[in-house]
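Please construct the entire structure, taking both the sequences and the accompanying hints into account.
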Amino acid sequence: MLHIALGAVIIGGVVLALLGNETRNQHARFQRKESQLRQETAQQRANIQAAMVRSAAYQEYRQYIEMHYASVQTANQAYDLYASAKHVIDQLYNQLNISGEQIMLLKQQRQLQNGTDREATHQILQQQYDIHHELKRAIEGYKQQKNAYYQEIKMLNEATAQLKQYIRHHTGQAGREWYARLQQRQV
Numbered sequence: 035m036l037h038i039a040l041g042a043v044i045i046g047g048v049v050l051a052l053l054g055n056e057t058r059n060q061h062a063r064f065q066r067k068e069s070q071l072r073q074e075t076a077q078q079r080a081n082i083q084a085a086m087v088r089s090a091a092y093q094e095y096r097q098y099i100e101m102h103y104a105s106v107q108t109a110n111q112a113y114d115l116y117a118s119a120k121h122v123i124d125q126l127y128n129q130l131n132i133s134g135e136q137i138m139l140l141k142q143q144r145q146l147q148n149g150t151d152r153e154a155t156h157q158i159l160q161q162q163y164d165i166h167h168e169l170k171r172a173i174e175g176y177k178q179q180k181n182a183y184y185q186e187i188k189m190l191n192e193a194t195a196q197l198k199q200y201i202r203h204h205t206g207q208a209g210r211e212w213y214a215r216l217q218q219r220q221v
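Sequential numbering of the sequence shown, starting at 35, is according to this note's numbering.
Once the Cα atoms are required to be at most 27 Å apart in a straight line, the calculated BS3-like pairs of lysine-lysine come out as: (1) K120 with K188; (2) K198 with K188; (3) K120 with K180; (4) K180 with K170.
In case anyone wonders, no lab produced these hints; they're calculated from the structure.
Right under this line is the structure:
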């Protein structure tokens, strides 16, 4: 980094008298301009630093906004998957109820039968029991997945809410304005 040191050049009255008229005028102009130039130089350095900080803050703001958007999109997809799992579980429960009803009907039918008919109904009943147990296992598997999705969605939503507050409080005016717009959309 280049440092330029500017300072007033003080020339004593004796030396000034030795200089020609034009040189004295140049010296006077230098004295007037030197102070102004020092202020302008300091102001330009401050402007450059402020622009760099604003640019970095804006880049950080944009990065966090993009993260927030991606997080919301991911949460929406995870919620859709969660809703699908709930739907499948509901349908499996319907099938389980139907299976239970069939088991009761087969038991009643078996009680009224004798011999080979009873044995055939017993075989069908055993198959229905297998289907019933398979439905229960499927329901449990989906419940576990659904609960895992729910936990993931919950953690992601908490992290997204924290990110939203971080953007609001740590990315300057742009972050506060973004947060206000987001709140307006949610109303």
